[in-house]
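Colleague: Single-letter residue listing:
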Amino acid sequence: MNNAREIQDIKGVSTWSAFCATLRRDLVIALKRRNDLLNPIMFFLIVVSLFPLGISPDPVELSRVSAGVVWVSALLASMLSLDNLYRADYEDGSLEQLLLSPQPLYFLVLAKNIAHWLISGLPVVILSPLLAYMLYLPSEAYWTMVLTLLIGTPVLSLFGSIGVALTVGLGSRGLILAVIVLPLATPVLIIGAKAVTDVMVGLPVGSHFALLGAILALALTMAPLASAAALRISVN
Amino acid sequence: MWLWFAKLGSPRWFYELSDKWLPWLYLSMLIMMSIGLFWALLIVPEDYQQGQTIRIMYIHVPVASISLACFPLMAVAGTITLVWKMKLADMVAQSVAPIGAWFTGLALATGAIWGDQIWGTWWAWDARLTSLLIQFFLFIGVIALRSAIDSTDAAAKACAVLAIVGAINVPIIKYSVDWWNTLHQPASNFSMDPVSPNPPEVWVPLLVMICAVYIFFAIALILRTRNEILQRERRSQWVIDLVAREKNV
Numbered sequence: 001m002n003n004a005r006e007i008q009d010i011k012g013v014s015t016w017s018a019f020c021a022t023l024r025r026d027l028v029i030a031l032k033r034r035n036d037l038l039n040p041i042m043f044f045l046i047v048v049s050l051f052p053l054g055i056s057p058d059p060v061e062l063s064r065v066s067a068g069v070v071w072v073s074a075l076l077a078s079m080l081s082l083d084n085l086y087r088a089d090y091e092d093g094s095l096e097q098l099l100l101s102p103q104p105l106y107f108l109v110l111a112k113n114i115a116h117w118l119i120s121g122l123p124v125v126i127l128s129p130l131l132a133y134m135l136y137l138p139s140e141a142y143w144t145m146v147l148t149l150l151i152g153t154p155v156l157s158l159f160g161s162i163g164v165a166l167t168v169g170l171g172s173r174g175l176i177l178a179v180i181v182l183p184l185a186t187p188v189l190i191i192g193a194k195a196v197t198d199v200m201v202g203l204p205v206g207s208h209f210a211l212l213g214a215i216l217a218l219a220l221t222m223a224p225l226a227s228a229a230a231l232r233i234s235v236n
Numbered sequence: 237m238w239l240w241f242a243k244l245g246s247p248r249w250f251y252e253l254s255d256k257w258l259p260w261l262y263l264s265m266l267i268m269m270s271i272g273l274f275w276a277l278l279i280v281p282e283d284y285q286q287g288q289t290i291r292i293m294y295i296h297v298p299v300a301s302i303s304l305a306c307f308p309l310m311a312v313a314g315t316i317t318l319v320w321k322m323k324l325a326d327m328v329a330q331s332v333a334p335i336g337a338w339f340t341g342l343a344l345a346t347g348a349i350w351g352d353q354i355w356g357t358w359w360a361w362d363a364r365l366t367s368l369l370i371q372f373f374l375f376i377g378v379i380a381l382r383s384a385i386d387s388t389d390a391a392a393k394a395c396a397v398l399a400i401v402g403a404i405n406v407p408i409i410k411y412s413v414d415w416w417n418t419l420h421q422p423a424s425n426f427s428m429d430p431v432s433p434n435p436p437e438v439w440v441p442l443l444v445m446i447c448a449v450y451i452f453f454a455i456a457l458i459l460r461t462r463n464e465i466l467q468r469e470r471r472s473q474w475v476i477d478l479v480a481r482e483k484n485v
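Chains as they are written, first to last, in this note's numbering: chain U, 1 to 236; chain V, 237 to 485.
Isolated chain U, as found in the complex (with noise of 0.2 Å):
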């Protein structure tokens, strides 16, 4: 009786409560872990420091190739911050406790990709304009970038997340899931870039948002979908 009565507690907890309770414990074990924070962002800042060298202290060389820098240490910055996402879940077992709960996992997962998100996708977004500024981008494409970013980051984290997802229970995983997660990357890294360099010339650049929109409203509504999918697969 006593028992059934608990079941029922657990079951009366609705899906939007669990999802700010998964949202919220993600943040909250983030913040207590500075390292895993600052890492991807001094990441990108270190990847972005590195093309100068590599190329030429230019100016008109560097801002030509600027929108493209940006967006691949973005991507690359993303992609190295993925691995936490779900490995010390699955390590101490709460990652199964989050596929027994009777709440749709499409939500759970898609709280710790938002999570993931904020604390990896955001901070790039607010320190583009610096590095940007380091780089010569022209003054008229920092609002294309930033935005660009902001559009292009979650959709980063969604599709990362499918790849970490199918990789969780692997003892190797590094270097797979750059392969399996970066060629999905490339529409989204492909369009952001074309943006910037777009507006540099003098170009509309409408179209590029509403595409980069349409592959943020596809990702929000189908990834979660597969991670979840392949999350049950891994931890079997």
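The reader is advised that the hints may include incorrect statements.
Not the full set, but computed from the structure, chain V residues with beta-carbon under 8 Å of chain U [to be verified]:
(1) L277
(2) I370
(3) I408
Hints listed in this document are in silico derivations from the structure and should not be mistaken for laboratory results. Each residue gets a CB set at the ideal place from its N, CA and C atoms; glycine is no exception.
Guided by the hints, dock chain V onto chain U, whose structure is given.
Modeller: Okay, now just chain V, sitting in the frame of chain U:
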């Protein structure tokens, strides 16, 4: 109807049936391939612009068309694996991945040889070349994932999910790359008109070659799947009997 469907999923049934198909497939491939190659390489007139190099088309186009068909095929097989848990579908999905990667690589290679003659460069960051290259990476990802997971069952489901996600992505990649940069000519239409830029004497041998290469692909896929069946079913009685019979002969 469902009985037929369940039968289709049985590896043994497929193994025995494909035994009967294979000689016919070999024969038809041999005939079509020899007619197609003879026609394409010796009879088709030189192109007024491209000269002899137009003959590369008779290999490049069939190979490229199969490389595009492989990913959807893998995704369909993956869906069947996930929904109906059919063992045979996963064996096909596993076999098609390396073949797809090979055909994609071959399409890129023949395209590079042709490009060197016509565009004056082996490689260009053109839309179709780039999207084919990314598709090649996607195949490599599926193969890598499969080899990384030890359990056959988990690998089957994981690769099925990745194949479906990849198949949804392939058209998106195609379109985004398309408007990013285009140098490749659009696909030509077939025409019956003998004075059109693409008369039947050019495209009929191409059609023969496409059929021949498709049959070749089917043979390669069936042979790989048969190996996979023997490998995975090696403990079942019918395979043990089969091997014993082969040994006696």
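Colleague: Of the hints stated earlier, which fail here?
Modeller: When the structure is compared with the hints, only number 1 turns out to be violated.
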